[in-house]
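Asker: Going down the list, the protein sequences come from chains S and A. Under our numbering, the first residue of the first sequence carries the number 1, and numbering increases by one thereafter. Under our numbering, the first residue of the second sequence carries the number 1, and numbering increases by one thereafter.
Not one of these hints is a red herring.
If chains are identical, the list can't say which one is meant, so a pair holds when it fits in one copy or spans any two.
Pairs of lysine-lysine, DSS-like flavour, derived with a Cα cap of 30 Å:
hint, residue 1, residue 2
1, 110, 252
2, 54, 251
3, 251, 110
These are computed hints drawn from the structure, not numbers from a lab.
2 protein chains.
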Amino acid sequence: MKIEYATTFLPAIEEELRQAILLSNSPNLEEYRNMLAYHLGWEGEGAGPEARGKRVRPIIVLLTCAAAGGEWQHALPAAAAVELVHNFSLIHDDIQDNSPLRRGRPTVWKQWGVAQAINAGDAMFALAHLSLLRLEETSLPGIAIQASRILQLACLHLTEGQFLDLAYEAHGDLSLEAYWQMVGGKTAALLAACTELGALVARASDSHREAFRQFGFSLGMAFQAQDDLLGIWGNAALTGKSAESDLLSGKKSLPVLYGLTQNGAFAKRWTQGPVNPGEIQSLATQLEAEGGLAYTQAAASRMTDQAIQALAEAQPLGEEGQALIALADQLLGRQG
Amino acid sequence: MKIEYATTFLPAIEEELRQAILLSNSPNLEEYRNMLAYHLGWEGEGAGPEARGKRVRPIIVLLTCAAAGGEWQHALPAAAAVELVHNFSLIHDDIQDNSPLRRGRPTVWKQWGVAQAINAGDAMFALAHLSLLRLEETSLPGIAIQASRILQLACLHLTEGQFLDLAYEAHGDLSLEAYWQMVGGKTAALLAACTELGALVARASDSHREAFRQFGFSLGMAFQAQDDLLGIWGNAALTGKSAESDLLSGKKSLPVLYGLTQNGAFAKRWTQGPVNPGEIQSLATQLEAEGGLAYTQAAASRMTDQAIQALAEAQPLGEEGQALIALADQLLGRQG
Numbered sequence: 001m002k003i004e005y006a007t008t009f010l011p012a013i014e015e016e017l018r019q020a021i022l023l024s025n026s027p028n029l030e031e032y033r034n035m036l037a038y039h040l041g042w043e044g045e046g047a048g049p050e051a052r053g054k055r056v057r058p059i060i061v062l063l064t065c066a067a068a069g070g071e072w073q074h075a076l077p078a079a080a081a082v083e084l085v086h087n088f089s090l091i092h093d094d095i096q097d098n099s100p101l102r103r104g105r106p107t108v109w110k111q112w113g114v115a116q117a118i119n120a121g122d123a124m125f126a127l128a129h130l131s132l133l134r135l136e137e138t139s140l141p142g143i144a145i146q147a148s149r150i151l152q153l154a155c156l157h158l159t160e161g162q163f164l165d166l167a168y169e170a171h172g173d174l175s176l177e178a179y180w181q182m183v184g185g186k187t188a189a190l191l192a193a194c195t196e197l198g199a200l201v202a203r204a205s206d207s208h209r210e211a212f213r214q215f216g217f218s219l220g221m222a223f224q225a226q227d228d229l230l231g232i233w234g235n236a237a238l239t240g241k242s243a244e245s246d247l248l249s250g251k252k253s254l255p256v257l258y259g260l261t262q263n264g265a266f267a268k269r270w271t272q273g274p275v276n277p278g279e280i281q282s283l284a285t286q287l288e289a290e291g292g293l294a295y296t297q298a299a300a301s302r303m304t305d306q307a308i309q310a311l312a313e314a315q316p317l318g319e320e321g322q323a324l325i326a327l328a329d330q331l332l333g334r335q336g
Numbered sequence: 001m002k003i004e005y006a007t008t009f010l011p012a013i014e015e016e017l018r019q020a021i022l023l024s025n026s027p028n029l030e031e032y033r034n035m036l037a038y039h040l041g042w043e044g045e046g047a048g049p050e051a052r053g054k055r056v057r058p059i060i061v062l063l064t065c066a067a068a069g070g071e072w073q074h075a076l077p078a079a080a081a082v083e084l085v086h087n088f089s090l091i092h093d094d095i096q097d098n099s100p101l102r103r104g105r106p107t108v109w110k111q112w113g114v115a116q117a118i119n120a121g122d123a124m125f126a127l128a129h130l131s132l133l134r135l136e137e138t139s140l141p142g143i144a145i146q147a148s149r150i151l152q153l154a155c156l157h158l159t160e161g162q163f164l165d166l167a168y169e170a171h172g173d174l175s176l177e178a179y180w181q182m183v184g185g186k187t188a189a190l191l192a193a194c195t196e197l198g199a200l201v202a203r204a205s206d207s208h209r210e211a212f213r214q215f216g217f218s219l220g221m222a223f224q225a226q227d228d229l230l231g232i233w234g235n236a237a238l239t240g241k242s243a244e245s246d247l248l249s250g251k252k253s254l255p256v257l258y259g260l261t262q263n264g265a266f267a268k269r270w271t272q273g274p275v276n277p278g279e280i281q282s283l284a285t286q287l288e289a290e291g292g293l294a295y296t297q298a299a300a301s302r303m304t305d306q307a308i309q310a311l312a313e314a315q316p317l318g319e320e321g322q323a324l325i326a327l328a329d330q331l332l333g334r335q336g
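Here chain S stands alone, though its shape is the one from the complex (with noise of 0.2 Å):
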C-alpha cells in the first residue's frame, strides 16, 4: 500500500472510531470507555500503533469507495463500523481461546476480568452499527438502510463461521466443506461486507458492487488458504522458529483436514496425537508426498484467482484501484 493512504486515511479513522466510542457519553463510565480504548490501542500500557493492528478492513473500505468512483470520505462511518465489528469479535475471541495475549498486550478479559470482557466486546458491536447509522449524514437516503443489512448479515455469518470453529475444536470432526463455511463466515464475510460496503456509498451499479463484494469474500478466502499454507511449510514454520508450526500447535487447518481424508501415514501419525519439535519437517514432508501442499497450493491459487477476476470486473478507478491491487497482492504474498 503506498504511503499516501496510511497517512491520509489513518487519521481520519483513528478520529472517526473516537467519534464512534464517544456516542456512549453517560456519566459514570469512564472505565467502561476506558476497556474500548485500550483494546483500540489508544489507551494504557503499550498503546500506540503497534498495539491498534494494521486497520486493513477500513483502509479496504475507503479504497472500494474511491476506486469504485465514491468520495471515501463519505465512507468513513461504515469504515469504523467494520473496524468496531472486527474488534468485537477480537474481543471475545480472546475469552473464547483463553487468549493471555492479543498484540504483545494483556487482553481484555485478563484486565478486566470474563464478565466486563463479555460486555465490552456486546458495547463494540452496539457502537458499530451506531457508527454505520452515522451514514445518514455522508450518503444519500436509502444508502443507510442497505449498508446496515449488508453488516448485520456478515455479523451473522461470522458468529456462523465462529460456531464452526468452537465446535471443530470440541469434536474434531470438521469436513473440508465446512472448512470453507468457516473460512466463509470467519475471514472473508467481513473483507466481503468491507468491499461492498465502499462501493454501496459510491454508488456503484449493481454488478460493479456484486464484483467488489466478490473480490472481498474470495480475497479473506484465498488469504487464509495462503496463511494455512505458511503455517506448515513457510519459513518460520518449517526452520528453527518450530513454534510457529501449525503442526505443532495442533491446528487443523486446511492441509492437514487434507491430509486426514487421505488416511495415510500422515493421518495415522497425527491422530496417535500430539507433534513433537523434532517430527515437524518429516511430517510436513509425509503431508506433502501425500498431496497437502499441493491441495492447498491449488485452493489458494484458485481463491487468489477470483479475486484477480472479480476485481477487473469491478474496474477500480485511478489510483485508489491501483491501491486497492497492490494491497491485494500484499495479503496474498505476492510481491516480489
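Assemble chain A onto chain S, guided by the hints.
Answerer: Only chain A this time, still in chain S's reference frame:
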C-alpha cells in the same frame, strides 16, 4: 392483560421469532440453531411456555402500536427484535453471573460451554437487528432506519447498565445516582425502546411517540423500584421463604443503597458481612426505621406517577390502550 391479546399476539410473536432464527439457514449449523431454539424455549428438555418467559416486551410493542393507531401486525419485526435483544442479554448475563439455571432449565453456557454461549448471544444480537430490518416490508420508507437507531441505542444503554452492575458487584461503591443510571440501562432502556418502536411503526406524532417512550422508560424504572421493595418487605422476603430476601442474597438494591448512605445501625451491620436468615426481620425493621422503606416507596410511587402521566399524554386508543394500562398496573402491582 386480557386473554385475547395472549391468544392473538403470542402465536404471531412466536412465528416471527421462528422466521428470525431461520435467517441463519446455512448447512452444518443445526446445533447452532438448536442453541438459539433451546434458549427461546422451543426445543430440548423442559421446552414449552414456561421456558419461554412471558414475552412481555414484544407484547408491549404490539399493544403500543395498536394503541397509537397502527396495525399491530406491522410491528411484528420490531416485537421479535426486542425479544431477541432481551434474550441475547440473558444468555450473556447468565455467563457473567455464573447462573446455572434460567426459567428452571440449565442455561446455555451450562449446556454448551462458555465459548459457545458467548457466540450464541452474539448470534441472537445480529438476528435481532436483521429481524428489525423486516420493517422495510411492513412500513413506509425511513421507518426501518429510525427503528434501527432506537434499538441500537437501547443496546448501547443495556451494556452501559450492565457495566455499572458488574463494576458495582466487584467494587461495591455504587452511588444512588449510578443506581438509577444502571436501572435505566438494564431495565428501562429496552422497555422505552418497546413503546417507542410501537409508536414509530404506528406513525404516531412526535409528541405522542415521545410520551409513549417516556411511559416505557418510567414503567421500567418503577417496576425495578417496586421489585427492590418487595425483595426486602414483600411477604416472601419477610416470612418463611427467607431465601427470597435481598438482605440474605446480599443484593445491593435501592433500599440497601439508601440505608448505606445513612451510616446508621443498618450500614454498620451490612458492612460486617453476610446476613443470617435469623436476622432478616430485625434488619428489615432497622432499615425501615432509617428510612429505606419510605425512600423506596416514594421513588416507586414517583416513577409510577411519571409512567401513568406519560401514558395519559400519549392518549392510547381503544381496547389495546386499555390493555396497556392494565398491563402497566399489573407490572407495578397496583391490581386488586
